[in-house]
Amino acid sequence: MNTGKSMTIILHSGDLDKALAGFILATGAAAKGIDTTMFFTFWGLMVVKKGGPGKSKLSKMNMGGLGTSWMKKVMKKKNVATLEELIKDAKELGVRLIACEMTMDLMGVPKDSLMPEVTEIGGVGTYLDFASKSNINLFI
Amino acid sequence: MNTGKSMTIILHSGDLDKALAGFILATGAAAKGIDTTMFFTFWGLMVVKKGGPGKSKLSKMNMGGLGTSWMKKVMKKKNVATLEELIKDAKELGVRLIACEMTMDLMGVPKDSLMPEVTEIGGVGTYLDFASKSNINLFI
Amino acid sequence: MNTGKSMTIILHSGDLDKALAGFILATGAAAKGIDTTMFFTFWGLMVVKKGGPGKSKLSKMNMGGLGTSWMKKVMKKKNVATLEELIKDAKELGVRLIACEMTMDLMGVPKDSLMPEVTEIGGVGTYLDFASKSNINLFI
Numbered sequence: 000m001n002t003g004k005s006m007t008i009i010l011h012s013g014d015l016d017k018a019l020a021g022f023i024l025a026t027g028a029a030a031k032g033i034d035t036t037m038f039f040t041f042w043g044l045m046v047v048k049k050g051g052p053g054k055s056k057l058s059k060m061n062m063g064g065l066g067t068s069w070m071k072k073v074m075k076k077k078n079v080a081t082l083e084e085l086i087k088d089a090k091e092l093g094v095r096l097i098a099c100e101m102t103m104d105l106m107g108v109p110k111d112s113l114m115p116e117v118t119e120i121g122g123v124g125t126y127l128d129f130a131s132k133s134n135i136n137l138f139i
Numbered sequence: 000m001n002t003g004k005s006m007t008i009i010l011h012s013g014d015l016d017k018a019l020a021g022f023i024l025a026t027g028a029a030a031k032g033i034d035t036t037m038f039f040t041f042w043g044l045m046v047v048k049k050g051g052p053g054k055s056k057l058s059k060m061n062m063g064g065l066g067t068s069w070m071k072k073v074m075k076k077k078n079v080a081t082l083e084e085l086i087k088d089a090k091e092l093g094v095r096l097i098a099c100e101m102t103m104d105l106m107g108v109p110k111d112s113l114m115p116e117v118t119e120i121g122g123v124g125t126y127l128d129f130a131s132k133s134n135i136n137l138f139i
Numbered sequence: 000m001n002t003g004k005s006m007t008i009i010l011h012s013g014d015l016d017k018a019l020a021g022f023i024l025a026t027g028a029a030a031k032g033i034d035t036t037m038f039f040t041f042w043g044l045m046v047v048k049k050g051g052p053g054k055s056k057l058s059k060m061n062m063g064g065l066g067t068s069w070m071k072k073v074m075k076k077k078n079v080a081t082l083e084e085l086i087k088d089a090k091e092l093g094v095r096l097i098a099c100e101m102t103m104d105l106m107g108v109p110k111d112s113l114m115p116e117v118t119e120i121g122g123v124g125t126y127l128d129f130a131s132k133s134n135i136n137l138f139i
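Chains as they are written, first to last, in numbering that gives the first Met the number 0: chain A, 0 to 139; chain B, 0 to 139; chain C, 0 to 139.
Incorrect hints may have been included.
Since copy identity is lost for identical chains, a pair holds within one copy or between any two.
Here are the simulated DSSO-like pairs of lysine-lysine, each with C-alpha atoms no more than 30 Å apart in a straight line [what the hints assert, rightly or not]:
1) Lys87 to Lys132
2) Lys110 to Lys77
3) Lys4 to Lys72
4) Lys110 to Lys76
5) Lys4 to Lys56
6) Lys71 to Lys31
7) Lys4 to Lys54
8) Lys75 to Lys132
9) Lys76 to Lys4
10) Lys132 to Lys72
11) Lys54 to Lys132
12) Lys76 to Lys49
13) Lys76 to Lys132
14) Lys71 to Lys4
Since the hints were made in silico from the structure, they are not lab data.
If you're wondering where the values come from, they're calculated on a predicted model, not measured in any experiment.
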């Protein structure tokens, strides 16, 4: 299934709720036949480091009494995929996962510390090439 | 007036300044004849709960000495619409207000706890259908 | 070089990492021949006040042990441009830098307190005119 549509997402945030939103959008799009690319920059790169998904925390810890561990319990009970599962799903659905080269250099993150699902490295030029041809471009 | 243009906004944040930005953009677009759709996910859903708009707080409380109550006073003095007024304006101008089904389920938010302006419920598929046909897609 | 492509960025955040991301994207796009416009709203307007770029701080101070002064040292060592340099580069590359009129009014920011690189003032209508004709529209 190929719709001829495409989407890019820059995941700049390392917050659990924003990373979840990014991967729910990316997997939903890929499942609908939308060609999808994710770029991981700044704190967002931490999400796709080995062991990274489990470390993400909610951006608002106390709002409405919700905390990270509470959210994870509810997600499990409601059968919502975890961040780890969503990253694997994204890869299986063909989402392109690209690590930001400048962030890797700045934060001292070597290629082999990234999850195996992240197979590409690119810069702002790579991102702009995809985004300028895409229907949906989000910065999260 | 119909320009043939369209816009979607995902309001993920529950911060007052970001919610204001979202509704100022949405009402401005609708007033210009741009077909506009807003999706309320995660903390953004709290903004459109009954009694929710009044609870939103600035994302940066102390930057430049600005606080939430100070901002509200200045907005009143400058005749800028409140968040409550902007939500009503958006509805009147024809902005589509859609609550995220997964967030409602995760956070235990029933339909009747939402403001009456929010008449639709949808998932990521609903969002992607609108976004893939829109000229402007923002994640706030 | 003109690609016929265009991009808009709303810089709403005053965080150093988000402002850097915005200007790295804008200068990268302009250097590739993409017509680029930045709008500075809310905290993002503070970034382009005289003396503002040096005051921006990271959105997450302690994540991974990274702090603002540490980040600035690493950026210098790695020859990454500072925020001040990026603002000047953006202007030289032809990026349109527009201050949000409502934010200026709300926060009491007069025109002459803005950096000289910010030569235009506009409202939501100005933004929507550019965005509805652009290929990439980001809210940062």
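**Prompt:** Of the hints given before, which are not true for this structure?
**Reply:** Of the numbered hints, 3, 5, 7, 8, 9, 10, 11, 13, 14 do not hold.
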